[in-house]
Amino acid sequence: MRSTVPLVLTFLVGLFMVGEYFIPHWGYHVITQLLLEWGLILAAAAFLLGLFNLIQVNLPKVLNREEDWGYKLVMLISLAGTLVVGFWGNTGRLNPGEAYKWLFDFVFVPLNATMFALLAFYIASAAFRAFRARNLEATVLLVAAIIVMIARVPLGESLPLVGEKLPQFMNWIMDVPNIAARRAIFIGAALGAVSTGLRVILGIERSHLGAD
Amino acid sequence: MKLDTLVKFQHMDRRWIFLGMGLAILLPMLFPVNLPFKVDERVQSLYDAVEEIPAGSTVFISADFDPASRPELEPFFRANLHHLLRKDVKFVSATLWPSAPPLVLPIFEELTAEYGKEYGKDWAFLGFKDGKELAIKAIGENIPETFPQDIKGNKVEDLEVMRGFKQAKDFAMIINVSAGFPGTREYVLQIQGQYDLSIASATTAVSGPDYIPFYKAGQLNGLSAGMPGSAQYEKLVFPDGPPDGVRLLATQSVNVLNVGHLFIIVLIVLGNVAFLVTRQAEEQA
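The listed protein sequences correspond, in order, to chains P and V.
Note that this note's numbering numbers the first sequence so that position 96 is 108, with each residue one more than the last.
Note that this note's numbering numbers the second sequence so that position 47 is 332, with each residue one more than the last.
Bear in mind the hints are in silico, worked out from the structure with no lab data behind them.
You may find that some hints are simply not true.
Claimed, not checked - Below, simulated DSBU-like cross-link-like pairs (lysine-lysine); rule was C-alpha separation at most 30 Å, straight line:
(1) Lys113(P) x Lys417(V)
(2) Lys113(P) x Lys406(V)
(3) Lys437(V) x Lys113(P)
What the hints assert, rightly or not - From chain P, some residues computed to sit far from chain V (all C-beta separations above 10 Å):
(4) Leu19
(5) His37
(6) Leu63
(7) Leu66
(8) Ile67
(9) Val69
(10) Val74
(11) Tyr83
(12) Ala92
(13) Val121
(14) Ser207
The beta-carbon is built from N, C-alpha and C at its ideal position, and this holds for glycine as well.
Isolated chain V, as found in the complex (with noise of 0.2 Å):
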């Protein structure tokens, strides 16, 4: 191959690599190749604390996300609540993010409906409070003084659902589904060691390595990051496939992730014989 394809390859137009990863996220989707895959530890360990949790008990949700984690993150949004419902666990859910409640009000209007909760006595959204690391702070401290309101405007004390509960140490687990700030980090710092919380997170696959020291360190019982981790938790909840109506939305998207890594790496792999090789070649000249 002459020099100059090379030089030309590695400043090829980047509308070339534009056209590529398109295929590479259109084509699995019309052409489903789906391959097995193994849980990681850390989402089995997170879905063993969610099976460990007592039928009746409560669980607090912070579902911190918005429309562009949404692909990310409403597949193991979706499976922990169907995990949680199917075991007759109930939830009180807020969120850190004031794009959150249009989104996740409407799933969890659906999920609970189809298991046949009651809002106010199953399960309660007390919607979106602002103040990052002072409000996570507040919810460690007393719920019904940071929400006096819930989504739907009744006072979250008269809340059956919240009798008994005021804080988050009265919850048998956080679940946090984060995107980012504010989220898990914050719910580990301001109030995980304080009150010794369970506290579970589900995350995008750029915070993931973030949050391992923290799993590692005992503070988190469960890590799932990203579209990998949402498709594992998938397969944990419904080890037979999915019930009829339910779509596995992770499982089938791994199938883009696998080609688009490896239209990455195909690149990356190809630019540098491309480099190394006119290295060689100037060096020599």
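If we strip away everything but chain P, and leave its shape as in the complex, we get (with noise of 0.2 Å):
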């Protein structure tokens, strides 16, 4: 009984929205609009949860003084200020001057922008070591990927006697074997999520009730 009923609320569920793009009248889209409203609430509870589910697993490392609890102490630490300075801000916490607009311009902001630049100088770096022509096929890769670093750069198209041509070339790597492998993949992933989404529909795969 316990697995049943999510199973068949799962084959109902799953077959009534699947429904919607061949049913296109509006009292059908009345109940597929409250479904996904349902669904909507799931996931900003889903951010609830993710919330307590960090506190649970990073306080009891700060108060046993587990390895690197300074780390998640700063973590929680800022959690909690996060928190309570977005509620204190209210729908005026991203006028300028508030608490809250301060932190994301003067914290966030130079953290996140931070993490990402440092990946110049570690792609630098790995593809001075990576990048081998050690046989045909990654001789491939590395000329193509030559090709399509300079041409998509100004530089590329200011080169004397094959700067016209290059981005020509370019384009075509890009729209054809570019393309021709990723609708490739696309297909592929797309009938897996099919394949998957019917498994799960009819009940054969059940790892999201917990069981194998």
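The task is to assemble the complex, starting from two chains supplied on their own in separate frames and drawing on the hints.
Structure, rendered in structure tokens:
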């Protein structure tokens, strides 16, 4: 019974939502709209669940002085601080001068941007070490990557002799082999998603219920 | 050159590479060389699609980016807003990324004030909604139900700019400024086909190749990828250069991309020369 009810619900809701694509009746849409709203509420609740999970996982480690407890403490303080100033600011929290906006502009933005900017350095290092013409396939990848990299920026267009042709060749790489490979991946993934969806709707796949 | 030197070069301390990359970023900022560039067909198509929107129409902007992707996407975002506002196109915006509202709201406020547009009448920002694909599906079905209140706490269905606009297909175009998931791919998969929507996308350079098949299939009516795409869009929006007080952020930044890309290519080429020479020597030994 404990697993039968969720399986029946999954079957009915799944089938109903698929039906929306084929039944353009307003009455049908009223129900799918309601189900979507429930889904959005559940997604918001998942945010809350994540918050509690974060505290549940990290707080004991701080209290027991486990490895890296200092970082976890900073994280928990940041979490609590941001929550408090966010609630305190209410709908005006994004106005200039508000504490939440200040935290966002002067703490979150620099940290987030710095983390991403570091990629430029690590990518340069990784490209130097990993991009080696060890065999034919690697050489093809290497040559294609260099052509796309140089042709993507104005410098490529300005090169003497090849500057005119380089962007055209890059576009060919992007439009023909790139699209062919990506379409194959998309179609494969889409078929996989359809089959997984069907398995869930038909109750064959039950891992979401906590059972194999 | 000695073989030892080539082997050492291949295993050099990565801090030298970091230093080189740092210089490759810094020097073009200090001494910019503004090389000319052409506009890609996909960016031109995006510009043309926006150009064809009649004055007085309303578009939906899904601003799905964060501070990390800001350098690549904010220039497009700003140029696109200039483009829309000077054509007297109204807009309603929302985001599926929690860190986007504090980033995009000041830009909306700055540019709409510049063009004398009024909040609620000419534009509105509905804020963030979690739910990812579900939220996109809900935007396709019913926007006032999905976003009952805007970012300022007003009832969305009472906003003048929302009068007559209930779902995504009611808008002249969906413009998605997307840094990843959820973003352009999810808009295309969830609602583009079902409602036959006109969607234009500006995305990061790394996501660009992923979305080219959508553009080629006609599911996107334009695609701007990364900073070069943003620079090209700026060139189209401001063909005679920027007006006073406007900075073409991407056009300035492609100088850094030029040298950065060149630095990585030189590294790869030198690394391969060293690799091939040492491998040949090892095979002969």
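ask   = Should the label of Ile67(P) as a non-interface residue stand, given a Cβ cut-off of 10 Å to chain V?
value = Ile67(P) is indeed farther than 10 Å from all Cβ atoms of chain V, at 18 Å.
Closest CB of chain V to the CB of Val69(P) still more than 10 Å away = The claim holds: Val69(P) sits with its nearest Cβ about 20 Å from chain V, beyond 10 Å.
Minimum Cβ distance from Leu19(P) to chain V greater than 10 Å, as the annotation requires = 21 Å, holds
message = According to the definition I'm using, a residue is off the interface if its beta carbon is farther than 10 Å from all beta carbons of the partner; does Leu66(P) meet that for chain V?
response = 15 Å, holds
ask   = Was Ala92(P) rightly flagged as not at the interface, with every chain V Cβ beyond 10 Å?
value = With a cut-off of 10 Å, Ala92(P) remains clear of chain V, as the shortest Cβ separation is near 17 Å.
ask   = Holds or violated: Lys113(P) with Lys417(V), Cα cutoff 30 Å?
value = 24 Å, holds
query = Going by Cβ atoms, does Val121(P) stay more than 10 Å from chain V at every point?
reply = 4 Å, violated
task = Would you assess whether Ser207(P), listed as outside the interface, keeps its beta-carbon beyond 10 Å of every beta-carbon in chain V?
result = Fine: 16 Å to the nearest Cβ keeps Ser207(P) off the interface.
Least C-beta distance between Val74(P) and chain V, which was stated to exceed 10 Å = 25 Å, holds
key: Whether Leu63(P) stays farther than 10 Å from all C-beta atoms of chain V, as the label says   = Non-interface label on Leu63(P) holds, nearest chain V Cβ at 12 Å vs cutoff 10 Å.
key: Nearest-CB test (10 Å) between chain V and Tyr83(P)   = 20 Å, holds
query = Does the structure keep Lys437(V) and Lys113(P) at a Cα separation of 30 Å or less?
reply = 15 Å, holds
Checked against the numbered hints listed earlier, the structure breaks hint 13 alone; every other hint is satisfied.
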